[in-house]
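Spelled out from the first residue to the last, the chains are:
Number of protein chains: 2
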Amino acid sequence: MKNAVQNPDLARFVEAGTLYLSAPEAAELVRRQGVAACIEAIAAHIRADFLRWADFDKTARVAAHSKDGVIELMPVADDHRYSFKYVNGHPGNTRFGMSTVMAFGVLADVDTGAPLFLSELTLTTALRTAAMSALAAKTLARPDSRVMALIGNGAQSEFQALAFQHLVGITTLRVYDVDPAASAKLVANLQGSGLQITVCQSTAQAVRGADIVTTVTADKAMALILTPEMIQPGMHLNAVGGDCPGKTELHGDILDAAKVFVEYEPQSRVEGEIQHKDADFAVTELWQVLRGERAGRDSAQQVTVFDSVGFALEDFSALRFMMDSALRLGMGERIALIPQLANPKNLFGSLNASAPAAGARRTVRLAA
Amino acid sequence: MKNAVQNPDLARFVEAGTLYLSAPEAAELVRRQGVAACIEAIAAHIRADFLRWADFDKTARVAAHSKDGVIELMPVADDHRYSFKYVNGHPGNTRFGMSTVMAFGVLADVDTGAPLFLSELTLTTALRTAAMSALAAKTLARPDSRVMALIGNGAQSEFQALAFQHLVGITTLRVYDVDPAASAKLVANLQGSGLQITVCQSTAQAVRGADIVTTVTADKAMALILTPEMIQPGMHLNAVGGDCPGKTELHGDILDAAKVFVEYEPQSRVEGEIQHKDADFAVTELWQVLRGERAGRDSAQQVTVFDSVGFALEDFSALRFMMDSALRLGMGERIALIPQLANPKNLFGSLNASAPAAGARRTVRLAA
Numbered sequence: 001m002k003n004a005v006q007n008p009d010l011a012r013f014v015e016a017g018t019l020y021l022s023a024p025e026a027a028e029l030v031r032r033q034g035v036a037a038c039i040e041a042i043a044a045h046i047r048a049d050f051l052r053w054a055d056f057d058k059t060a061r062v063a064a065h066s067k068d069g070v071i072e073l074m075p076v077a078d079d080h081r082y083s084f085k086y087v088n089g090h091p092g093n094t095r096f097g098m099s100t101v102m103a104f105g106v107l108a109d110v111d112t113g114a115p116l117f118l119s120e121l122t123l124t125t126a127l128r129t130a131a132m133s134a135l136a137a138k139t140l141a142r143p144d145s146r147v148m149a150l151i152g153n154g155a156q157s158e159f160q161a162l163a164f165q166h167l168v169g170i171t172t173l174r175v176y177d178v179d180p181a182a183s184a185k186l187v188a189n190l191q192g193s194g195l196q197i198t199v200c201q202s203t204a205q206a207v208r209g210a211d212i213v214t215t216v217t218a219d220k221a222m223a224l225i226l227t228p229e230m231i232q233p234g235m236h237l238n239a240v241g242g243d244c245p246g247k248t249e250l251h252g253d254i255l256d257a258a259k260v261f262v263e264y265e266p267q268s269r270v271e272g273e274i275q276h277k278d279a280d281f282a283v284t285e286l287w288q289v290l291r292g293e294r295a296g297r298d299s300a301q302q303v304t305v306f307d308s309v310g311f312a313l314e315d316f317s318a319l320r321f322m323m324d325s326a327l328r329l330g331m332g333e334r335i336a337l338i339p340q341l342a343n344p345k346n347l348f349g350s351l352n353a354s355a356p357a358a359g360a361r362r363t364v365r366l367a368a
Numbered sequence: 001m002k003n004a005v006q007n008p009d010l011a012r013f014v015e016a017g018t019l020y021l022s023a024p025e026a027a028e029l030v031r032r033q034g035v036a037a038c039i040e041a042i043a044a045h046i047r048a049d050f051l052r053w054a055d056f057d058k059t060a061r062v063a064a065h066s067k068d069g070v071i072e073l074m075p076v077a078d079d080h081r082y083s084f085k086y087v088n089g090h091p092g093n094t095r096f097g098m099s100t101v102m103a104f105g106v107l108a109d110v111d112t113g114a115p116l117f118l119s120e121l122t123l124t125t126a127l128r129t130a131a132m133s134a135l136a137a138k139t140l141a142r143p144d145s146r147v148m149a150l151i152g153n154g155a156q157s158e159f160q161a162l163a164f165q166h167l168v169g170i171t172t173l174r175v176y177d178v179d180p181a182a183s184a185k186l187v188a189n190l191q192g193s194g195l196q197i198t199v200c201q202s203t204a205q206a207v208r209g210a211d212i213v214t215t216v217t218a219d220k221a222m223a224l225i226l227t228p229e230m231i232q233p234g235m236h237l238n239a240v241g242g243d244c245p246g247k248t249e250l251h252g253d254i255l256d257a258a259k260v261f262v263e264y265e266p267q268s269r270v271e272g273e274i275q276h277k278d279a280d281f282a283v284t285e286l287w288q289v290l291r292g293e294r295a296g297r298d299s300a301q302q303v304t305v306f307d308s309v310g311f312a313l314e315d316f317s318a319l320r321f322m323m324d325s326a327l328r329l330g331m332g333e334r335i336a337l338i339p340q341l342a343n344p345k346n347l348f349g350s351l352n353a354s355a356p357a358a359g360a361r362r363t364v365r366l367a368a
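Respectively, the protein sequence lines represent chains A and B. With my numbering, letter number 317 in the first sequence gets 317, and the count goes up by one each step, no holes. With my numbering, letter number 240 in the second sequence gets 240, and the count goes up by one each step, no holes.
Simulated from the structure, these hints should not be mistaken for lab results. Do not take every clue at face value.
Said to hold, decoys possible - The list that follows gives simulated cross-link-like pairs (lysine-lysine, BS3-like), each with its CA atoms no further than 25 Å apart:
| no. | chain 1 | residue 1 | chain 2 | residue 2 |
| --- | --- | --- | --- | --- |
| 1 | B | K277 | B | K58 |
| 2 | A | K138 | A | K259 |
| 3 | A | K58 | B | K58 |
| 4 | A | K259 | A | K277 |
| 5 | A | K58 | A | K277 |
| 6 | B | K259 | B | K138 |
| 7 | A | K58 | B | K67 |
| 8 | B | K277 | B | K259 |
| 9 | B | K58 | A | K67 |
Quick caveat, the model's predicted, so the values are computed rather than measured.
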């Protein structure tokens, strides 16, 4: 009674279940291919997906705010694939030895709803955020940019550094964090990268002389990390850390004097640096610049701002890369997240099937 | 540097990862406890959660519609726990040997965002939908109801039958499906249940003499499963199958002549039988009746309709039950959906950790 399944990803799902990539396996997958190579590949996937922006069913993420943080769902789909990410933001988590940001997500088949791929996205989110930042900077920053200030040296900072080194041509970092241990960790992690790194004593000192300023701080507050007197003509500001209502990093006057670019305007109006601005404050969606439909930087003196909040499409792109990589490398395992029924109209009857042996492994490994 | 984690569910997550209950293990969990007992327990959880309706951060589900079906995310949260369900509806899936409805979901900790529990929800959705239907009927149907017509004998039908037998007191079923094989499957599955079952040749024949009419059909269309001349005074209609835009089961005149109850009004206005009615068409949310704040059935002659679409809170309740059951029975396995980092501020550094041995099992079993 079964029709043949044509799509190979779907055929594997029907045969063996959802492909699951755990956090340790995702780390191994990245190690095998190299961090910079993964970021470059994800940036290429993001670029390709942003170039076909109109193909996607887009929606602002659904956020559940609580006293200590936020939990968000980020769905997006085209005609073939659907994805969502679950991600939290809880700045106080490190007191329990837990990450501030934890994430996982699913890539599914639109024609059947089958969840093809379940993956960790904590590490992957850091990769895709860095890829997105670098793609934007490559499009918006002055082409001769070589020096980047990196404000906030937490979990995402090294990924940003490598992305800008390999995709944008940054050679020198000026780093600052309120916690000197964070900067020391960054310096240690980037030894051997070829980046010249200066640890600074203040944001103002770090920003001085920079071509690009990346802010990736974690406090859930209206912070004023960057103030107008720090900003020089021609700078590109990559504002990553201000990404939900009540969480911003830039003084409003900086935005007024700059040209501001966003990912998905309806979401950025709520979550981005522009949340304090009027609804008619001018912004340009980055995909328009990538497609050549709108101008990016207008002059070498203009200050450009990428008001980044993270959009579901970036996770869609990253999930495609992680799934394809896992299949190619023969990584991940198949899990029975969905019942495999002899007769799908007989869910009840499946309860009478013999029980699996106690302790039996319920996952199988498939060749790529 | 770690603070002690007080919450035992969170402590287990920090120690060993997310508890994962696969589809085969969920079926085993239900077998061990009994289908009817599970439905009764889930109904009790739903009732308890509906009684504290105001405690929840509620939102209509986020749906992605496509040519052949729909994929939905259904989040909800109180001050302590957050849940979401992923669920699809693709009536054509059975041609590939796949289920029309497939689902999974997560129960998470609001204070930290930690995903405590990942579970199959395909079987669980059938259980919770039946539990919700029976809870509503117990509240709204005439107390002397003994005969139920069951229109649509697909994957959910046996669960509805058992729920109404054990929670409402139904003794006799009159069943109909456009596919006689579906009815035959239902009869076979319910042998030994104690229910008297008559297979009918039409919806009209099945409905004749019934106290309660349950419609649980799967077509994604404006169907007219029930028409006004079939309806007798005092009936309770449990309309389960009409649950998304363009998918209804009842003739509009039936609604006009009845008292209509819904789960969560903003969602039901879009997805329920009332989608064709004006925005001021009177409905009562069921929680109001459960709390005694609004009347249920006004007379023995009144026709009552539970216009059920399925609300995220029901999955929240069901996930709580499945997680507690799994912990109590020592079922499920722990998976590393989130990286366990020696220093959560050093995500990059974790990439330098030694690779897991090839093929090594990355899950551990924990005692309850």
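For each hint, the structure was consulted:
Between B/K277 and B/K58, the direct Cα distance comes to roughly 23 Å. Compliance with the 25 Å bound is thereby established for this hinted pair. As the CA atoms of A/K138 and A/K259 are separated by approximately 15 Å, the hinted pair is consistent with the 25 Å bound. The suggested pairing of A/K58 with B/K58 holds, with an alpha-carbon distance near 21 Å, which does not exceed 25 Å. Pair hint A/K259 plus A/K277 holds up; C-alpha atoms about 14 Å apart against a cutoff of 25 Å.
Straight-line distance between C-alpha atoms of A/K58 and A/K277 comes to about 23 Å, which keeps the hinted pair within the 25 Å bound. The straight-line distance between the Cα atoms of B/K259 and B/K138 is roughly 15 Å, inside the 25 Å bound, and the hint therefore holds. Among the hinted pairs, A/K58 with B/K67 is consistent with the structure: their alpha-carbon atoms are about 17 Å apart, no more than 25 Å. With a CA separation close to 14 Å, the supplied pair B/K277 and B/K259 stays within the 25 Å bound.
The hinted pair formed by B/K58 and A/K67 meets the criterion: a straight-line CA distance of about 17 Å does not exceed 25 Å.
In terms of the numbered hints stated before, the structure departs from none.
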